[in-house]
Amino acid sequence: MIKSSSRNKIYLLLIFLGLIVFWQLGESYLSSQRMGSGRASLEAFIPTPQTIVKTFMVEGGLIFSELSTTCLRASAGLVIGLLFALLIVSLIYYFPFVRSVVVPISFAVNSFPIIGFSPIIILLFGQGSAWAIIFVSALISYFPTLVSLEAASRDIKSQTVMELMKVLNATRFQIIKKIILPNSVPYFFVSMKLAIPASIMGAVIGEWLGANNGIGRLMILSFYQMKPGLLYASLLSVVVVSCLIIALLSLLEKKYCFWKKM
Amino acid sequence: MAGESLEIKNLSKSYQTDQPRLVLNNFNFSCQMGEVVSVIGPSGCGKSTLLKILGNILEPDSGTVEFGGENIALLRKEHQIGWIPQFPTLLKNRSAADNIRLPREIIGSFDRDVSLLIKTVGLEGEENKYPSELSGGMKQRVSFAQCLSYAPKLFLMDEPFSALDEITREKMQGELFAITAHLKPIIFFVTHSIEEAVFLSNHIILMTAAGEIFKTIDINYQKIDRKDFRNSQEFFDSVKTVRNLLRRL
Chain U
5 MIKSSSRNKI YLLLIFLGLI VFWQLGESYL SSQRMGSGRA SLEAFIPTPQ TIVKTFMVEG
65 GLIFSELSTT CLRASAGLVI GLLFALLIVS LIYYFPFVRS VVVPISFAVN SFPIIGFSPI
125 IILLFGQGSA WAIIFVSALI SYFPTLVSLE AASRDIKSQT VMELMKVLNA TRFQIIKKII
185 LPNSVPYFFV SMKLAIPASI MGAVIGEWLG ANNGIGRLMI LSFYQMKPGL LYASLLSVVV
245 VSCLIIALLS LLEKKYCFWK KM
Chain R
33 MAGESLEIKN LSKSYQTDQP RLVLNNFNFS CQMGEVVSVI GPSGCGKSTL LKILGNILEP
93 DSGTVEFGGE NIALLRKEHQ IGWIPQFPTL LKNRSAADNI RLPREIIGSF DRDVSLLIKT
153 VGLEGEENKY PSELSGGMKQ RVSFAQCLSY APKLFLMDEP FSALDEITRE KMQGELFAIT
213 AHLKPIIFFV THSIEEAVFL SNHIILMTAA GEIFKTIDIN YQKIDRKDFR NSQEFFDSVK
273 TVRNLLRRL
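Protein chains in written order, with this note's numbering: chain U, 5 to 266; chain R, 33 to 281.
Derived from the structure by calculation, the hints contain no laboratory data. Please note that a few of the clues may not be correct.
[Unchecked claim] Here are some of the chain R residues that sit facing chain U, going by a computed Cβ distance under 8 Å:
(1) GLY87
(2) ILE89
(3) PRO92
(4) SER94
(5) LEU106
(6) LYS109
(7) HIS111
(8) PRO117
(9) LEU123
(10) LYS124
(11) ASN125
(12) ASP143
(13) LEU166
(14) ILE226
(15) ILE249
(16) PHE261
[Said to hold, decoys possible] In silico DSSO-like links for lysine-lysine, alpha-carbon gap of 30 Å or less:
(17) R/LYS272 x U/LYS182
(18) R/LYS203 x U/LYS7
(19) U/LYS197 x R/LYS161
(20) U/LYS170 x R/LYS216
(21) U/LYS161 x R/LYS247
(22) R/LYS124 x R/LYS171
(23) U/LYS258 x R/LYS161
(24) R/LYS124 x R/LYS161
(25) R/LYS272 x R/LYS247
(26) R/LYS41 x R/LYS124
(27) R/LYS171 x U/LYS161
(28) U/LYS264 x R/LYS151
(29) U/LYS182 x U/LYS13
(30) U/LYS182 x R/LYS247
For glycine and all other residues, C-beta sits at the position ideal for the given N, C-alpha and C.
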């Protein structure tokens, strides 16, 4: 007997493969119709899955190299966003009044369209600066991290185990080590699942706005050079990396937070 | 240890909501080591607040709590206060046994063997389960074992047996008696069960909704044979007296 979760995965895979086959066959048919009537092939705008795979095989090295640069910037942005969120949550934890100041500001910043910020950021750091990209990435990854960790801090603070800690005269270090850190792990995974794709997206947006390299720049170049295959392949590589990281995080979460779903 | 007593003097506490709400009003009481005190009263009359002040978790607006002539804060610093909340939140990432070990880890005790405690609270075979796998009653027993693990001088219990079935509740009440006889702590507990209060206590404090002591009832007779006491005329008379007084609140 196949488990229901395995069966769902098989269905999902079949639907995905079905969509790709439909895309390939549908586009080939429509392109032949268009060319018969003297119009340009659809391939000029939307590459077929076959073209995307071919592009991967030809331009794989370039895509991988540009993607590595982007991931490096995204990692730096993620670390900065995470550290800043941790600092703010720690301040909120020990000085609750900070919450009423910082959280509304964070919500306001998050609701701002990042593209609107871009000229200011580029002016601030200089055209083509890696720091501008890292800043955008940090800005985007900061908010989901803050929201998750702040929820964790409120949840932990409200637990009656904190009363027990007070009665036992536990030190601040003991409370952090025994209560706060272990209880924060599930929230940390949730925040990372949100923040990592956000940081990659932030880095790509930053590269669109002005960079000398990176997958975002490659996407912009392939757009202007009318290379839809390379554009789609670049985009797909970003999606694949994000999905792989989320899958890895899910595995780690299962290993370290096994008690959560018991 | 003998001669040490708990002295509560002129204790008042109010909460600031839209309007200040007085939950404890000029509360005075004293008891000796080895005595069990139960607090009964309508919901919101300040019973849990009283326990939190006794545990030095909350500060009163006025009044003092002293143990052996010293401020209660000293007793807390010496790890001599046990705390069993109404809804114990155990650490989700720790098994029942590891949760029981937690107070000893905090205090810095080298004795981490909790098998006897697990047996005492009837959790044999369940010690490796995580809180999400435990029933409400089991969690209360873990919380009880946590408290027993460091043998404090003052036990503060907020409806400690409310989630237990009748038989387990009787067993745990028996354990509480054994603890009283052996360690001679002061046990202060909040309950809604008149029978439980009469069965366990030396003193029963009846509180009004305004947070004042309505009456203190002393149960003076000797409860030598526990099983017989539950069926004795004295027990039924005391339950009746407390019930009638509560109806007058």
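Here's how the hints hold up against the structure:
| no. | hint | verdict |
| --- | --- | --- |
| 1 | GLY87 | 5 Å, holds |
| 2 | ILE89 | 5 Å, holds |
| 3 | PRO92 | 15 Å, violated |
| 4 | SER94 | 21 Å, violated |
| 5 | LEU106 | 10 Å, violated |
| 6 | LYS109 | 5 Å, holds |
| 7 | HIS111 | 6 Å, holds |
| 8 | PRO117 | 4 Å, holds |
| 9 | LEU123 | 6 Å, holds |
| 10 | LYS124 | 6 Å, holds |
| 11 | ASN125 | 5 Å, holds |
| 12 | ASP143 | 16 Å, violated |
| 13 | LEU166 | 10 Å, violated |
| 14 | ILE226 | 26 Å, violated |
| 15 | ILE249 | 28 Å, violated |
| 16 | PHE261 | 31 Å, violated |
| 17 | R/LYS272 x U/LYS182 | 47 Å, violated |
| 18 | R/LYS203 x U/LYS7 | 44 Å, violated |
| 19 | U/LYS197 x R/LYS161 | 28 Å, holds |
| 20 | U/LYS170 x R/LYS216 | 23 Å, holds |
| 21 | U/LYS161 x R/LYS247 | 36 Å, violated |
| 22 | R/LYS124 x R/LYS171 | 11 Å, holds |
| 23 | U/LYS258 x R/LYS161 | 17 Å, holds |
| 24 | R/LYS124 x R/LYS161 | 10 Å, holds |
| 25 | R/LYS272 x R/LYS247 | 15 Å, holds |
| 26 | R/LYS41 x R/LYS124 | 39 Å, violated |
| 27 | R/LYS171 x U/LYS161 | 20 Å, holds |
| 28 | U/LYS264 x R/LYS151 | 26 Å, holds |
| 29 | U/LYS182 x U/LYS13 | 38 Å, violated |
| 30 | U/LYS182 x R/LYS247 | 42 Å, violated |
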